[in-house]
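> Chains G and D supply the protein sequences, listed in that same order. Using my numbering, the first residue of the first sequence is number 25, and each one after it goes up by one. Using my numbering, the first residue of the second sequence is number -15, and each one after it goes up by one.
Calculated directly from the structure, the hints in this document are not laboratory data. Backbone N, C-alpha and C define an ideal beta-carbon position, used for all residues, glycine too. Just to be clear, a hint being listed does not mean it is correct.
Some chain G residues flagged as far from chain D (calculated, every beta-carbon gap over 10 Å) [stated by the list, open to error]:
| # | residue |
| --- | --- |
| 1 | Lys140 |
| 2 | Glu158 |
| 3 | Pro209 |
| 4 | Gly241 |
| 5 | Glu330 |
Computed, partial: chain D to chain G, Cβ under 7 Å [to be verified]:
| # | residue |
| --- | --- |
| 6 | Asn1 |
| 7 | Ala2 |
| 8 | Ile5 |
| 9 | Gly20 |
| 10 | Lys24 |
| 11 | Lys41 |
| 12 | Phe43 |
| 13 | Gly44 |
| 14 | Ala46 |
| 15 | Cys156 |
Below, a list of computed lysine to any residue pairs in the SDA-like style, where the Cα atoms sit at most 25 Å apart [unchecked claim]:
| # | chain 1 | residue 1 | chain 2 | residue 2 |
| --- | --- | --- | --- | --- |
| 16 | D | Lys39 | G | Gly340 |
| 17 | G | Lys148 | D | Lys(-9) |
| 18 | D | Lys(-9) | G | Gly340 |
| 19 | G | Lys27 | D | Leu(-3) |
| 20 | D | Lys39 | G | Glu403 |
Below are the chains, spelled out letter by letter.
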Amino acid sequence: MAKVIYFDNNATTQVAPEVLDAMLPFLKDLYGNPSSMHTFGGQVEKYIRQSRESIAGLLGCDSSEIVFTGCGTESDNAAIKGVLAAMPEKRKIITTRVEHPAVLTTCREIQAQGYKMIELGVDKYGQINLGELEAEVDDDTALVTIMYANNETGVIFPIDKIAEIVKAKDVVFHTDAVQAVGKIPLNLNKSNIDLLSLSGHKLHAPKGVGVLYIKKGTRISPFIVGGHQEKSRRAGTENVAGIVALGKAAELAAKSIQQENTKVKKLRDKLESTILKTCTGAMLNGDKINRLPNTTNISFEFIEGEAILLLLDQFGICASSGSACTSGSLEPSHVMRAMGVPFTAAHGSIRFSLSIYNTEDEVDFVIEKMPQVVNRLRELSPFVNER
Amino acid sequence: MWDYNKKVMEYFLHPRNAGEIENPDGVGEEGSLACGDMLKLTFKLGKDRRIADVKFKTFGCASAIASASIMTEMVKGLTIEEAEKITNKDIVDKLGGLPEQKMHCSVMGMEALQAAIANYRTGKGKPTKKAEGKIVCTCFGVTDKEIEKVIIENDIDTVEQVTNYCKAGGGCGSCRGEIQQIIDKIRGKKEKSAEVHTHPKKLTNLQKIQLIQRTISEQVRPLLKAHGGDIDLIDVEGNKVIVAFRGMCSQCPTAEFTMKDVVEARLREFVTSDIIVEEQSE
């Protein structure tokens, strides 16, 4: 395969070589079922325990609060549906307009069943109004679910403050932290977060494994029932290799989190500030200050995102877009729309998301190619009248 | 990722006839910013009254650019009357196909061409955007005439396809019922003319079950899907057909009417007149 410059790490990440080494034995010799009575199977259990410890270390919580799931979406579904099932007398759920579909679609499905659903709007920086949230949380509210960091813009919500507001009203709080874990330090012991979702493949573990953190004492019904695995909180034979991989990835993330906020942030800032300077009609989307160190979302006015991505693809550059055309729907990203980004810019929004594996050479290459991609499409655009 | 064929990619990466003609004989603009695509077409006639030069400018995705570009090649050298006959299907065929959800890009090409021709006829200079008929989809400003046109030209039978071709119904979705009515109207006409052939008198049991299945999937299911519901064929006992409603239909208070007015009526029309439909008991 030709050269690939992978700037789409909010979509998925490469499996770290150390992670692959750690998981391989469980796809070969150590294939036993951890629930088995015999030593051959039972010995696997201790590796799951170790993984649980590593993840608890990264999140700053107790290992008994970690439940392994199949992916981030499952964790979100389990959190939302599990809490509602545990308190059927409460009929209201609060979320935001910029959530990932894993949360938004789940909430809307519940709304269709007769629940009251509140979607908090955001301002042009992608931030919610905390006063509005506080006013909405009432006795009838079963759950508040608000993402930690936005997948498209990287905008970070003030989750500790939000959790405090929700806790003061004695309501359960869930956060989809799929994009935040491994990129910004967390300390769940000291926070009021009751439930938190994370996904392995966003932090250099493979796809097919996730976690739902459940704070001790949180009332929640199991989402997937069957066997007694995960203390009956999530049935199904453990994805041992995936779980071991996620444990290793958590260990690595604990070490590299500093780098995310120095090296990766520096690369992102260089990429962003140069593109904003050299490309005509480029503008930043989101909150420049409160956001993930690896993400930038830039709109290119009067040109269309899918066309930009396909031209970048010709150079082996991988990014993503909030344009309608890339999704198969007819409307641009719900996040761009919620922030009030004009249509002329929303369709041309491009997200670059970096990781610790990216280099300055790669950033320089993208910086070199970007203006020619933009200019080429602007020449075709009926909205641009140059000359 | 979209599965674009080589030709589409070629016309996207190396578009022919990109640009704008100064002092054109006709100008057409189609699309809108809200939808994320916009096409401006300009042409000039030669002394022989044939299109001598034509150029396009597109704000849009790869298939929008490719559709516009290949269309300019198709119309070059044609008379106005010949160019007018080009449909979106001709554009798609020339490209060797487009993904289903991208069909509206080819429609935009055809509409810009028609707008440019209308502009040529009504007088030079100002671009015109025709809005014939009554607006059905307010989100994307699509009229009933435009919807009818894509249904007929592309042999469409579901609301979803209409959305793929002309965007109508792809926004808030409140016009989906109305689109279905337009489809029904057009299909009704078509089926009446074809009825004689599709009504074999003597059916074997197997043929009957197959016909029931086909009628449900082609005639009934699209209707219910437009309302978020679905239907499954459970069993056929003689002339008794047992079905189960799914999705929104399963809780719908008007399901009983749907049963008689839609399911039973369609099956009687297309299979045999003595069919009785029942809902599966729990």
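> It remains to establish, for every hint, whether it holds in the given structure.
Status of the hints after comparison with the structure:
Look at Lys140/G: its CB is around 18 Å from the nearest CB on chain D, clear of 10 Å, so calling it non-interface holds up. With 10 Å as the threshold on Cβ separation, the claim that Glu158/G sits away from chain D holds: the shortest Cβ distance comes to roughly 30 Å. No Cβ of chain D comes within 10 Å of the Cβ of Pro209/G; the nearest lies about 35 Å off, and the non-interface call holds. Non-interface status of Gly241/G relative to chain D is upheld: no Cβ of that chain comes within 10 Å, the nearest being about 35 Å off.
Not every CB of chain D is more than 10 Å from the CB of Glu330/G (nearest about 4 Å), against its label as outside the interface. Interface hint status for Asn1/D: violated, as the beta-carbon distance to the closest one in chain G is roughly 11 Å, over 7 Å. Because the beta carbon of Ala2/D sits about 5 Å from the nearest beta carbon in chain G, less than 7 Å, this interface hint is met. Given the 7 Å rule on beta carbons, the hint for Ile5/D is violated: about 13 Å separates it from the nearest Cβ of chain G.
The criterion of a C-beta within 7 Å of any C-beta in chain G is met by Gly20/D, whose closest approach is roughly 4 Å, and the hint holds. The beta carbon of Lys24/D is positioned within 7 Å of a beta carbon in chain G (closest approach about 4 Å), and the interface hint is therefore held. Given hint, Lys41/D at the interface with chain G, holds; its Cβ is 4 Å from that chain's nearest Cβ, closer than 7 Å. Below 7 Å, beta-carbon pairs count as interface contacts, and Phe43/D has one with chain G at about 5 Å; its hint therefore holds.
Checking Gly44/D against chain G: minimum C-beta separation of about 5 Å stays under 7 Å; hint holds. At a threshold of 7 Å, the smallest CB-CB gap from Ala46/D to chain G is about 5 Å, leaving the interface hint in force. For Cys156/D, the interface hint is violated, since its Cβ never comes within 7 Å of a Cβ in chain G; the closest pair sits about 10 Å apart. The suggested pairing of Lys39/D with Gly340/G is violated, with an alpha-carbon distance near 30 Å, which exceeds 25 Å.
Proximity of Lys148/G to Lys(-9)/D is assessed by CA-CA distance (about 40 Å); at most 25 Å being required, the pair is judged violated. Of the pairs offered as hints, the one joining Lys(-9)/D and Gly340/G holds, with about 20 Å between alpha carbons and a cut-off of 25 Å not exceeded. With a C-alpha separation of about 19 Å, the suggested pair Lys27/G and Leu(-3)/D falls inside the 25 Å cut-off, and the hint holds. A hinted pair counts as satisfied when its Cα atoms are at most 25 Å apart, and Lys39/D with Glu403/G qualifies at roughly 13 Å.
Violated hints, listed in ascending order, are 5, 6, 8, 15, 16 and 17; each of the other numbered hints is respected by the structure.
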